[in-house]
Structure formats: structure tokens, C-alpha cells
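Visitor: The residues making up each chain are set out below.
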Amino acid sequence: MIDDLGIKDAFASITGQALLEAVLVIALASLLTVAIQKVLPRVAQKLGGKARLYLLASVPLLRLLIILATIVVVVPILVEPSFENMVAIFGALALALGFAFKDYANSLIAGIVTLYEMPYRPGDWIEVDGQYGEVRAIGTRAAEIVTPDDTVVIIPHNKLWNSLIANGNDGTDNLMCVADFHLESNHDVGRVRELLRDVAFTSPRTKTWQPVVVIVFNKPWGMHYRLKAYPFAPKEQFQFISELTARGSAELARQGVKFVSVPVAVD
Amino acid sequence: MKETTNENNADPCLPGGLMSAEQWALPETSVRRSLKDAISHALTQLRAGVSQAEEPFESMDDLPELSIAQQHRLAPEPDYARQAVVIASSLDHARSEGALSREVVCLVAPPFSGVQQSLACFSESGPSGFIPGGTGEWTIIAPPETLAFSDQEACEWWDNQDLSRPWVITELAEFWLRRLSGLALVKELFRRIANGNAGAGIVGCSSWCWRYWGHYLENAQMSPWTPAPMNSERLGVWFTYLASKGRKSSVVVRMTGDGHYVLPQPEPDDIEKKKRSKKRKYSNFLRDLAATSRGNPGVALAIWQRSLRAQPDDDAKLEGDGEMSEKQSRAADCWVVPLERLSLPTMPQSKESVTGFVLHGLLLHNSLDIASLEVVTGVSAYELSLVLSRLKRAELVICEQPGERWRVTPIGYPTVRRHLQSWGFPLDQF
Numbered sequence: 670m671i672d673d674l675g676i677k678d679a680f681a682s683i684t685g686q687a688l689l690e691a692v693l694v695i696a697l698a699s700l701l702t703v704a705i706q707k708v709l710p711r712v713a714q715k716l717g718g719k720a721r722l723y724l725l726a727s728v729p730l731l732r733l734l735i736i737l738a739t740i741v742v743v744v745p746i747l748v749e750p751s752f753e754n755m756v757a758i759f760g761a762l763a764l765a766l767g768f769a770f771k772d773y774a775n776s777l778i779a780g781i782v783t784l785y786e787m788p789y790r791p792g793d794w795i796e797v798d799g800q801y802g803e804v805r806a807i808g809t810r811a812a813e814i815v816t817p818d819d820t821v822v823i824i825p826h827n828k829l830w831n832s833l834i835a836n837g838n839d840g841t842d843n844l845m846c847v848a849d850f851h852l853e854s855n856h857d858v859g860r861v862r863e864l865l866r867d868v869a870f871t872s873p874r875t876k877t878w879q880p881v882v883v884i885v886f887n888k889p890w891g892m893h894y895r896l897k898a899y900p901f902a903p904k905e906q907f908q909f910i911s912e913l914t915a916r917g918s919a920e921l922a923r924q925g926v927k928f929v930s931v932p933v934a935v936d
Numbered sequence: 129m130k131e132t133t134n135e136n137n138a139d140p141c142l143p144g145g146l147m148s149a150e151q152w153a154l155p156e157t158s159v160r161r162s163l164k165d166a167i168s169h170a171l172t173q174l175r176a177g178v179s180q181a182e183e184p185f186e187s188m189d190d191l192p193e194l195s196i197a198q199q200h201r202l203a204p205e206p207d208y209a210r211q212a213v214v215i216a217s218s219l220d221h222a223r224s225e226g227a228l229s230r231e232v233v234c235l236v237a238p239p240f241s242g243v244q245q246s247l248a249c250f251s252e253s254g255p256s257g258f259i260p261g262g263t264g265e266w267t268i269i270a271p272p273e274t275l276a277f278s279d280q281e282a283c284e285w286w287d288n289q290d291l292s293r294p295w296v297i298t299e300l301a302e303f304w305l306r307r308l309s310g311l312a313l314v315k316e317l318f319r320r321i322a323n324g325n326a327g328a329g330i331v332g333c334s335s336w337c338w339r340y341w342g343h344y345l346e347n348a349q350m351s352p353w354t355p356a357p358m359n360s361e362r363l364g365v366w367f368t369y370l371a372s373k374g375r376k377s378s379v380v381v382r383m384t385g386d387g388h389y390v391l392p393q394p395e396p397d398d399i400e401k402k403k404r405s406k407k408r409k410y411s412n413f414l415r416d417l418a419a420t421s422r423g424n425p426g427v428a429l430a431i432w433q434r435s436l437r438a439q440p441d442d443d444a445k446l447e448g449d450g451e452m453s454e455k456q457s458r459a460a461d462c463w464v465v466p467l468e469r470l471s472l473p474t475m476p477q478s479k480e481s482v483t484g485f486v487l488h489g490l491l492l493h494n495s496l497d498i499a500s501l502e503v504v505t506g507v508s509a510y511e512l513s514l515v516l517s518r519l520k521r522a523e524l525v526i527c528e529q530p531g532e533r534w535r536v537t538p539i540g541y542p543t544v545r546r547h548l549q550s551w552g553f554p555l556d557q558f
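Just so you know, the sequences run in chain order A and B.
Each residue of the first sequence is one higher than the one before, starting from 670 at the first, in the numbering used here.
Each residue of the second sequence is one higher than the one before, starting from 129 at the first, in the numbering used here.
Simulated from the structure, these hints should not be mistaken for laboratory data.
These numbers were taken from a predicted model, which means no experiment stands behind them.
Any given hint might turn out to be false.
What the hints assert, rightly or not - In silico DSBU-like cross-links for lysine-lysine, where the CA-CA straight-line distance does not exceed 30 Å:
id	chain 1	residue 1	chain 2	residue 2
1	B	Lys520	A	Lys904
2	A	Lys707	B	Lys164
3	B	Lys164	B	Lys520
4	A	Lys927	A	Lys897
5	A	Lys715	B	Lys164
6	A	Lys771	A	Lys828
7	B	Lys409	B	Lys164
8	A	Lys828	A	Lys904
9	B	Lys373	B	Lys409
10	A	Lys904	A	Lys707
11	A	Lys707	A	Lys828
12	A	Lys897	A	Lys715
13	A	Lys897	B	Lys315
14	A	Lys927	A	Lys888
15	A	Lys715	B	Lys520
16	A	Lys715	A	Lys904
17	B	Lys315	A	Lys927
To be verified - Some chain B residues close to chain A (C-beta under 7 Å, calculated; not the full set):
id	residue
18	Arg306
19	Arg307
20	Leu308
21	Tyr340
22	His343
23	Tyr344
24	Phe485
25	Thr505
26	Gly552
27	Phe553
28	Pro554
Here a beta-carbon is modelled for each residue, glycine too, at the ideal position from N, C-alpha and C.
All chains should be built: construct the whole structure from the sequences, respecting the hints.
Guide: Given below as C-alpha cells:
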């Protein structure tokens, strides 16, 4: 079968020196990729704001460029880049991938799609299949996210085809946080809304130029308030929500507004 | 659109006069300077993790700095009473031209602009006495000792203030605290101003505080006024005015490195002359200074005072230049170190969120004591004392006596603002 595809002819001209050169180029490219993957995220950690996001987002792009450049350099070293040879090599590669590494290839292709569609970038806070966390790295096959509990979750890129991906900040440093308050009825709704808005405005973590909104729902058990605001940095989101909840609850209690509690059955 | 600029170029005490805050624009800078600033800021952030220097500030220049007496002579603090007169007449002029429609004028300025000190001179007992153009004696409304008020108490407090004759609030930032019970006074004041029952007055406000309240009261349209930004020409006029103390004699200031002239500035027709004769070369120092200080006079003056030197570092080089005679060289009153060689305060490495809360809180409220800072930031007094001592060593904050109130230093302000921006904190518009 290899003969039929012309693979044997294509690789017939490979010499030991050419092989050595190709290995050297690949080794250099690998070293460069590893260096970029290690150094740039560290540098990004030192920088704040948008510079950090841009630097993190450039890592997978740079890696793709290195891979493409390596292929462009290595293939002519090994084989004569004629039309027949190219068809033979890529045909064989397609067959191998198609049969043996279908899912892997699926993820690889999805990985390339993520680089230009950018459903998530390093630094984004995403939720995929119930897993929420910050995208730490985007590999060739999968993305790594770190959950708030400091657990690394590997998400294959092929989730892109059939899963819902929720992105909290979408490449920016604006991430909306929501603090929920479940209150008993029979209180001044306008006063509570005003008070919760003040709670957000008096937090040192609030990005005051972004909207601060309080919405309220009338539920059978009482009133459900949602205080929505933006922290100055996405990584502050949990501290921010905790602070809003704590200060909001304390102030509501001081104003005599009661919380609802659901009876829990204990065996 | 009606021109609302109130240029008062004739008075070097406040070059550019007052203007509508919407017309304020950042002084121009060169691409070289912008790139240099951006790269050096990024490097500073990166170095923060490597260098553990305890004293970030150290002068890179070994020339003797000016003595206190020389500094008082060549770069003294402004005469705020005189500025108050200019502000009052500028506002009068604007009102007579119909540019001011409200009875209450809001004067918004970045920290260290001197507006607060000038407005403090509006008092009847102040050195200026009666302010020309005013409609009578001014009452200064001072903030209460405690700022925790309910809405009802705030209403009563304002009822007790004498708003029947012209009044001045020198700094609105001192009338509130960023806590739930600390907002009522300012809310009530803005409600009265919007309703038109606050009488005639002037509200001086720091740009950081103003920005906050602009977001909080999204529908309030106060159309504030502001001093014009200090570009290179205005800085030249102002520094000359300060050094000459109103006399006609001009001061001569030159660069230490190349001997180029900083002051006096070239007259418009001098530029043409310069092109022809190339007799006198002028430095871009003031343009770079205007950009570094973002047109803020207090910051520019602080950097200017820091950069002045008693003598050139390389007389031989100047003499070898061949373009200046010995007589010319001696004619300089003082010399200026290039901005590149001047080490301005840098941000010490620390937990950025806590440092940010502290610095942002100080800028929002102009100055705060430890107890208020604890309330505003939610950081414990113990941790605050550690952070403040680090920032103090870095020359970014200073503790003022009496009252032990902490505030950001003018020389550290550019660094503080830039770091707050990169950390994502809300900034002022200037």
C-alpha cells in the first residue's frame, strides 16, 4: 500500500545528514516552543490588565507559527517538495490520522479552529460541561483550565463542536459577578435596591465605570435580588462576590429585612 | 458649539485660565517618549519580582541639588491667594459671557493642581479679603468631623449651613467616605444643586472623587470647569513667573547634558531666528515634563524641583561645544537634569490588590487617616501600617501632621496613576 501511495519513492532520497538536520530543526523548534510556553505566562503574571491578556493569548498563536515554520523547513530537507511527493506524504498522513487517531485529529483541527475563532483564550474564565475555571494554557489537543479550587481540568478542543462553552470575560478584563439575596416579602423594594447598589459602589473592588445593576424577581417564597457588578480584575471575582454578599447581608439585617431559609429534612 | 474656554494667558499665575472639563486634552508628547514610558513601565513591573531594593528612589545624578534657599528662589510654591483672584475673575468673566448658567460652579482638577489651596483663600479672613468679581464675602464650608450620616441627618446638616451668601467647598473629597453611611452628605448636596436651592457657590473637587460621583449619579449633568492643562508653553510661562516672583527679569535654565536652553522659552519669532542663525538651541524638556505630568502643575513643579541642579555636570563638554561662550554658560541661574537620568519613585513589590485599595482610597478622598482608610479599604490597621510604611519609603505617600493623614505625593503620582491603571482600578479623566 505504501508503494501504491508513492511514499517509498518520496522518502527514498533521505540521507543520514538530512535526517540529522531535520531532527535538529525539530529539537530547536521544540525548545523554542517550551521556552515560550514557560516564559511568556510567567512574564504575563507580572503584568497587569490588558497586557497580561494579550501576552497569554499570544502563546498558542506563537506555537502554531513555530509548528508551521518547522514543517515548512523540515519537509524540503527530507523530501524533494514536488507535487507527487506532497500528495503522497499528506495522503498517507491523512489515512493514518483517519484510522488510528480520529479523535486526536478531531481535537487538533478543533485546536486550530480555536486559534482564529477564539471561543476562549488564556486568561478567560470559562465553563464547559459544568467545569468553571481560568484558561491557563491552550495546547495543540486540549486546553487547561484551573478551577477556583486549584484543580487543573483538561478540556479537549473537540468539545468545541458539540458543547456549550460559556466565557465570562471573553478576552477582556471585564467579568460580571452576581451576588444573590433571597429575602422575605413585605419590605420596601425600592429602598433595598438602592441599598444594594450602594453596597456595590462602596466596595473597593468595584469597577465603577461599568454598570452596577440590581434586579429583583417576585417568587412564591419571597423576593429574589441579584446584584450585578464588575470587579477591577477577573481573579478578584470570588472575593468580590463574598464581600458583596457579606456586606449586603449585614446591612439588610440592620435594616430589619429578613432572609428566607428553606427547611431541610434531616434523617 | 459655543467656545467655553476662558483663556487668561495674560496672567502667568494660571496660564491657560479655566476651561470646560470636556475640552481638557492631554498635552502632546512624542512617540519616542510614549514608547519609552510604556517600555520602562513594563520593565519596572517585571523587575518588581527580581529586585528586592528597599529604597526604590535614588538619584542617578551626582550633581549638587539646589539648596533650600535656592529652591525657594527658583522654584517656589505658587501664590495661591493670587491664583484665587484669577480663578474668581475667570469665573466672573465666564458668567458674564453666558458660559456659566448654574449658580453653583464645580471646579474639578487633578490632585496637586492647587485648586483646593486657592479656594481656601476665598475666605473672608484670607489674605485676598474680598475677591474681585464676587458678589460678597465668601463662606468656606468645612466638612464635619464625622462623615457617617443618614439621609435625614445629612439633610439637617446642610440646613444648618449658611448657603444664603456665596459659599465655597474647597475639596468635596473630604465630605464623604466610601462606606454605606458615608455617602449621604454628597448625595444631599448634589440633590440641592440639581434642584437649584443651594444658593451661589463653588465646589472644588478632586478629579478622582468627581469621577466616582459621576458614575454614582449617572444622570447628574454638572458641566464642571477645570484649569487648562499645562503644556510646554504654559509650563515655561509659569516656571518663569514663579522664579521671577512677578518681576520682569527672566530666569535662565539649561540642560546639564547638552547645555540646551529650557528657560527662557523661544519667542514665536525666535523659532524662525533660530532656524536661520542656529545661535541658541532649545531643549524639549518642558514638552516631556508636560507629558510625564499629564499637564498637572503640582506634579510638574515637584519633578521640576527635583530636577534642578546648581551646576552643570560637564563644564568641559559645554565649553567644547563651541556654540556657547563662557559668558553664556555663566549666565544660567540653574541647570536641569534630563528626565531620563532622573529617578522618579517606583512602586515597591507587594500584594497589588491591597496596595491598589490603599492608593485608590487615598486618591478618592484626597487624604485619609488610618482609621478611615481601614473603613474604606477593608484592610486591617496592622496590614495598612505595613503597606503604608513601604509606600512611604518609596516616596509614594506621605503622612501629614497634624491629623496624621496620609496622602499620595505629587512626585509619586504619575507612578501611582499608571499602576492603578494597569491593575484595572477606575481612574480619573485627567
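Visitor: Which numbered conditions among the earlier hints are violated in the structure presented, ordered from lowest to highest?
Guide: none
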